[in-house]
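Protein chains: 2
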Amino acid sequence: MGASLKHFTSFEEMITAARSHGPKRCVVACAEDYATLEAFSQAQNNGIAKGVLYGSGQRITTICGSLKVDVNQFEIHDTTSARDAITEAVKDVARNGDFLMKGQVDTAVFLHGVLDESLGLRGERVLSHVAILELPRYFKMLAITDGGINTKLDLRRKVDIVKNAVELARFLGNEKPKVALLSAVERIKLNIAETLDWAIITRMGEEGDFGDAVIEGPLALDIAFSPEAAKIKEVTSRVTGDVDILVVPTMATGNILAKGLQYLGGAKACGIIIGARKPIVMLSRADTAETKLYSLVLGNLAS
Amino acid sequence: MGASLKHFTSFEEMITAARSHGPKRCVVACAEDYATLEAFSQAQNNGIAKGVLYGSGQRITTICGSLKVDVNQFEIHDTTSARDAITEAVKDVARNGDFLMKGQVDTAVFLHGVLDESLGLRGERVLSHVAILELPRYFKMLAITDGGINTKLDLRRKVDIVKNAVELARFLGNEKPKVALLSAVERIKLNIAETLDWAIITRMGEEGDFGDAVIEGPLALDIAFSPEAAKIKEVTSRVTGDVDILVVPTMATGNILAKGLQYLGGAKACGIIIGARKPIVMLSRADTAETKLYSLVLGNLAS
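Chains as they are written, first to last, in full-length UniProt numbering: chain A, 1 to 303; chain B, 1 to 303.
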């Protein structure tokens, strides 16, 4: 921590800030994975993370060899099964690590370990995914949550998702994040379920439940970003044109919006899972090298 | 009809095609509205639509005067109430019109008239909204449905939404549209409801229920647009990188995605309501002049 910038405006700025933190201790579960080790090697060369790898020492060595990555730069803990690797990695990161990273293992199995209370990583909130985007047409980084973890949402989960994202924004140096709770409409509609939840969460925000933050919803996306649209629709908003965090009503919405901006809107993007006692990086095989590095940068800054 | 282009690549091309059709007979309900008459005047000057206005003749004349729009270019039917204006406009468009347009009247009241079977406009399908986008980073126009009408979806509504969009694509000259049924994932997941509906609709597509079209889902958005992502994730797709229509799992998703691409991704956009016997244009006050004109162009081409 310690970013003094109020708002990051690019991933370049975030890389610079992560470098100034120095390398964080990143614990990798099931590290015998090409994409993970390649991304990790880049992050290590950039002084962003120091790798503590749990997995098959032999396979890690072989993969590093074929990637021409120096295996001696890593702290390697040889384990005999995926389950062991996860258990030991989770215990390690809970005690001594800065953030956790998923290697070559089924996501459900990995998360089972993360959520195992006896291992010490699980906190009191639900886990949630936050995507961070650098957009060609917006003046600062934008967070979108949750497009990755919670297939079903209820009010309690939505509250935790907002809490998690506000906390992440603070770690990124933003002391009073502005949050838009998105719907298709900007008024409470009794037949649109999320507008009722957003009304409740907006009230909770006014009562101080999320600390120093501006929380507003339901808002349609045009109101969130266009003061002009807000004026025409006669909506008074404290976040319009200056939003830091978009909270979406369903996982599909967040996933499709973030990917839409990435694949059709020229955004650069990465993501992280928060809500446990330490942040968690999970890369997708289809992520670009750029996205993989940014995710590790985010792990550094969020820890 | 009669667009010979397989794919429109810009609104400019669509304007040119609409002009070549000649003006269509557009019936406006409750036309005593500044935004509507201003947009309409532009469309009329461009040879895209001929206005048949139902509403208070006196107010229409006053508004045209203050907009410096020649009121004599319109066919005006003086009515004494909003209800009358809607009833007469809907009957007129059902019999003799090309498309319908909503003026200054509550959306629910307007749609009540549209859906009144005795007036002859309602068809057998549900109404749905299609947004059409011109994106700086995609090689052709992209349709997103339904982000505007159906607050709750069931399988039957989803089927109608796909049918409506495929039919619209054909009106726009695309004989074999490629449809991506979007989710956060590209596999059937028993705990993600829309993936089950998309699997059924994909099978219906294979059985020919949507005519000559390629329908595929569930697909994550990266698979829909990136052949590279499809390859890495080992998904074989006949639509990847060449999608014409995105079908979303909830109204909020479509609304937020279309507005996201418009306000954050540099897209130009407009929308139309289909599923009745004639297409319907409903403008929002916050629409730009550009969007309003494009919507009327779409009304011309879709009728």
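A couple of the hints might just be wrong.
Same chains, same label: a pair holds when it works inside one copy or across any pair of copies.
Computed list of lysine-lysine pairs in DSS-like fashion (alpha-carbon distance at most 27 Å, straight line) [claimed, not checked]: (1) K189 / K152; (2) K140 / K68; (3) K50 / K152; (4) K91 / K140; (5) K233 / K152; (6) K152 / K68; (7) K189 / K231; (8) K178 / K50; (9) K91 / K176; (10) K178 / K68; (11) K178 / K231; (12) K140 / K268; (13) K189 / K178; (14) K176 / K68; (15) K91 / K50; (16) K140 / K152; (17) K178 / K233; (18) K140 / K189; (19) K68 / K91; (20) K91 / K231; (21) K68 / K231; (22) K233 / K91; (23) K189 / K91; (24) K176 / K231; (25) K50 / K176.
No wet-lab data here; the hints were simulated from the structure.
Hint check against the structure, violated hint numbers in rising order | Numbers 2, 3, 4, 6, 8, 9, 10, 14, 16, 18, 19, 20, 22, 23, 25 - these are the hints that the structure violates, sorted from lowest upward.
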